[in-house]
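Undergrad: Sequence:
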Amino acid sequence: LKRKRRRRLKKGVKIFLIAFSVIIAITLIIIFGFQLQSVKISMDLGQFTENEVQSYMEAKGIENTLVFWLKNKTGHSTKMELLEEYDVKILSPFSVKITGYEKKLSGYIQKDGSNYYFDENGTVLKIGEKKIPNIPVVDGLEVKQFKLYNKIKTTDKKSLQSILEVTSSIEKYNFPVKKIVINQSNEVTMHIKKVQVQLGKTMNLNKKMEALNDMYSKVIQQSGILNMKYASEDGSYTLKKTQKKHTENK
2 LKRKRRRRLK KGVKIFLIAF SVIIAITLII IFGFQLQSVK ISMDLGQFTE
52 NEVQSYMEAK GIENTLVFWL KNKTGHSTKM ELLEEYDVKI LSPFSVKITG
102 YEKKLSGYIQ KDGSNYYFDE NGTVLKIGEK KIPNIPVVDG LEVKQFKLYN
152 KIKTTDKKSL QSILEVTSSI EKYNFPVKKI VINQSNEVTM HIKKVQVQLG
202 KTMNLNKKME ALNDMYSKVI QQSGILNMKY ASEDGSYTLK KTQKKHTENK
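Residue 219 in the working numbering sits at position 218 of the sequence shown, with consecutive numbering throughout.
Honestly, I wouldn't trust all of these hints.
[Unchecked claim] Heads up, simulated BS3-like pairs for lysine-lysine below, C-alpha to C-alpha not over 25 Å straight-line:
{"hint": "1", "residue 1": "Lys219", "residue 2": "Lys242"}
{"hint": "2", "residue 1": "Lys173", "residue 2": "Lys158"}
{"hint": "3", "residue 1": "Lys195", "residue 2": "Lys154"}
{"hint": "4", "residue 1": "Lys208", "residue 2": "Lys180"}
{"hint": "5", "residue 1": "Lys61", "residue 2": "Lys72"}
{"hint": "6", "residue 1": "Lys179", "residue 2": "Lys195"}
{"hint": "7", "residue 1": "Lys112", "residue 2": "Lys90"}
{"hint": "8", "residue 1": "Lys158", "residue 2": "Lys72"}
{"hint": "9", "residue 1": "Lys179", "residue 2": "Lys145"}
{"hint": "10", "residue 1": "Lys15", "residue 2": "Lys61"}
{"hint": "11", "residue 1": "Lys112", "residue 2": "Lys154"}
{"hint": "12", "residue 1": "Lys98", "residue 2": "Lys158"}
{"hint": "13", "residue 1": "Lys90", "residue 2": "Lys104"}
{"hint": "14", "residue 1": "Lys159", "residue 2": "Lys131"}
{"hint": "15", "residue 1": "Lys80", "residue 2": "Lys112"}
{"hint": "16", "residue 1": "Lys241", "residue 2": "Lys195"}
{"hint": "17", "residue 1": "Lys158", "residue 2": "Lys112"}
{"hint": "18", "residue 1": "Lys80", "residue 2": "Lys148"}
{"hint": "19", "residue 1": "Lys148", "residue 2": "Lys132"}
{"hint": "20", "residue 1": "Lys152", "residue 2": "Lys194"}
{"hint": "21", "residue 1": "Lys194", "residue 2": "Lys132"}
{"hint": "22", "residue 1": "Lys230", "residue 2": "Lys180"}
{"hint": "23", "residue 1": "Lys202", "residue 2": "Lys219"}
{"hint": "24", "residue 1": "Lys72", "residue 2": "Lys112"}
{"hint": "25", "residue 1": "Lys131", "residue 2": "Lys208"}
{"hint": "26", "residue 1": "Lys158", "residue 2": "Lys145"}
{"hint": "27", "residue 1": "Lys98", "residue 2": "Lys112"}
[Claimed, not checked] Have a look at the derived ranges for each label pair, beta carbon to beta carbon:
{"hint": "28", "residue 1": "Asp140", "residue 2": "Ile221", "range": "56 to 62 Å"}
{"hint": "29", "residue 1": "Thr50", "residue 2": "Gln111", "range": "48 to 54 Å"}
{"hint": "30", "residue 1": "Lys242", "residue 2": "Lys202", "range": "44 to 50 Å"}
{"hint": "31", "residue 1": "Met216", "residue 2": "Phe95", "range": "25 to 31 Å"}
{"hint": "32", "residue 1": "His77", "residue 2": "Ile221", "range": "42 to 48 Å"}
{"hint": "33", "residue 1": "Ser237", "residue 2": "Ala60", "range": "46 to 52 Å"}
{"hint": "34", "residue 1": "Ile133", "residue 2": "Asn214", "range": "21 to 27 Å"}
{"hint": "35", "residue 1": "Tyr231", "residue 2": "Asn151", "range": "32 to 38 Å"}
{"hint": "36", "residue 1": "Gly236", "residue 2": "Glu188", "range": "19 to 25 Å"}
Hints in this document: simulated from the structure, not taken from any laboratory.
No residue lacks a Cβ here, since even glycine has one placed at the ideal position from N, Cα and C.
With the sequences and hints as input, model every part of the structure.
TA: What follows is the structure, given as structure tokens:
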């Protein structure tokens, strides 16, 4: 009986060691055999390059192609601030292709020859010299620090919040704003074609934006300053037209 027990024990130990070795081997293969080295992308807006997406993934510790793919296929996709949603395809143990919808950048700030693009949370997602169409430039914001994949640090947090509220409303109504200016009193002005829309402070912003949307087709044909600093109860606002300069022949 003792011999049988010893044999069973030895057999059990062998099975355990074999199983343990297999688990270790599989773990090592998963860790070292699927290291991300290359990223291919197919996006809708074209805001980000393959290098930028790969750099973001490296910064966020997304390094394993198999784990990244499995999470995506099981409905637990790794959060990527660059994208609204995406699908992953493994091209090789070291390469993946990401097909998805980009998160539209809210605006950008120019400094020292570079453009710092941020999202709806004020997080810097892209830095470059190239200007991306249909994204407004922000002027007047006093920035203390820009850091990629981090929220913009400003001297006044309220000023950044005001800008984010305005950019969110711009996206909602799809206004073609080319420039947003904020002054030291946190009063915001939007530049749309030849019209400067003075929104003032962001109090009652939704009401102002709704009113602008209702009269947009008429306003956009003008050139001047639209005063919307204070929300009107009847939806009427004053537009001061720009006077045309006349040249005289001498």
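Undergrad: Determine for every hint whether it applies to the structure shown.
TA: Hint by hint, here is what the structure shows:
For the hint pairing Lys219 with Lys242, the CA-to-CA distance comes to about 13 Å; that is within 25 Å, so the pair holds. Under the criterion of a C-alpha separation no larger than 25 Å, the hint pairing Lys173 with Lys158 is consistent with the structure, at around 23 Å. Taking the CA atoms of Lys195 and Lys154, the gap is about 31 Å. The hint is violated against a cut of 25 Å. A hinted pair counts as satisfied when its Cα atoms are at most 25 Å apart, and Lys208 with Lys180 qualifies at roughly 21 Å.
Taken as a hint, the Lys61 and Lys72 pair is honoured in the structure, with Cα atoms around 15 Å apart against an allowance of 25 Å. For the hint linking Lys179 to Lys195, the alpha-carbon distance of about 10 Å falls within 25 Å, and the restraint holds. Between the alpha carbons of Lys112 and Lys90 the distance comes to roughly 38 Å, so the proposed pair goes past 25 Å and is violated. Annotation: proposed proximity of Lys158 to Lys72 is violated, straight-line Cα distance about 36 Å (limit 25 Å).
With a C-alpha separation of about 24 Å, the suggested pairing of Lys179 with Lys145 holds against the 25 Å cut-off. Pair hint Lys15 plus Lys61 does not hold up; C-alpha atoms about 41 Å apart against a cutoff of 25 Å. Distance hint between Lys112 and Lys154 is fulfilled; the C-alpha atoms sit about 14 Å from each other, no more than 25 Å. Note on Lys98 and Lys158: the hinted pairing is violated, with a Cα-Cα distance of about 38 Å set against a maximum of 25 Å.
The suggested pairing of Lys90 with Lys104 holds, with an alpha-carbon distance near 20 Å, which does not exceed 25 Å. Between Lys159 and Lys131 the alpha-carbon distance is near 29 Å, which puts this suggested pair outside the 25 Å criterion. For the hint linking Lys80 to Lys112, the alpha-carbon distance of about 29 Å lies beyond 25 Å, and the restraint is violated. A threshold of 25 Å between alpha carbons decides the hint, and for Lys241 with Lys195 the separation of about 12 Å falls inside it, so the pair holds.
At roughly 19 Å between alpha-carbon atoms, Lys158 and Lys112 fall within 25 Å of each other, so this suggested pair holds. Distance check on the hinted pair: Lys80 and Lys148 sit about 19 Å apart at the alpha-carbon level, within 25 Å; holds. Of the supplied pair hints, the one linking Lys148 and Lys132 holds, its CA atoms being roughly 19 Å apart against a limit of 25 Å. Under the criterion of a C-alpha separation no larger than 25 Å, the hint pairing Lys152 with Lys194 is inconsistent with the structure, at around 29 Å.
Proposed proximity of Lys194 and Lys132 is supported: the alpha carbons are some 18 Å apart, at most 25 Å. Taken as a hint, the Lys230 and Lys180 pair is honoured in the structure, with Cα atoms around 17 Å apart against an allowance of 25 Å. Simply put, Lys202 and Lys219 have alpha-carbon atoms about 24 Å apart, close enough for the 25 Å limit, and the pair holds. The suggested pairing of Lys72 with Lys112 is violated, with an alpha-carbon distance near 38 Å, which exceeds 25 Å.
About 35 Å separates the Cα atoms of Lys131 and Lys208, which puts this hinted pair outside 25 Å; it is violated. A C-alpha spacing of about 11 Å is found between Lys158 and Lys145, which places the hinted pair at or below 25 Å, so the restraint holds. Only pairs whose Cα atoms come within 25 Å are accepted, and Lys98 paired with Lys112 is rejected, the gap being roughly 33 Å. Hint check: Asp140 to Ile221, Cβ distance near 21 Å, so the stated range 56 to 62 Å is violated.
The hint said 48 to 54 Å for the Cβ distance between Thr50 and Gln111, and at roughly 20 Å that hint is violated. A hinted range of 44 to 50 Å is violated for the C-beta pair Lys242 and Lys202, which are about 25 Å apart. The supplied range of 25 to 31 Å is broken by Met216 and Phe95, whose beta-carbon atoms lie about 56 Å from each other. The beta-carbon spacing between His77 and Ile221, approximately 45 Å, falls within the hinted interval of 42 to 48 Å.
The supplied range of 46 to 52 Å is met by Ser237 and Ala60, whose beta-carbon atoms lie about 50 Å from each other. Between Ile133 and Asn214, the C-beta spacing of about 24 Å keeps the proposed range 21 to 27 Å intact. In this structure, Tyr231 and Asn151 meet the distance hint of 32 to 38 Å, their C-beta atoms being roughly 35 Å apart. The given range of 19 to 25 Å is respected by Gly236 and Glu188, whose C-beta atoms sit roughly 21 Å from each other.
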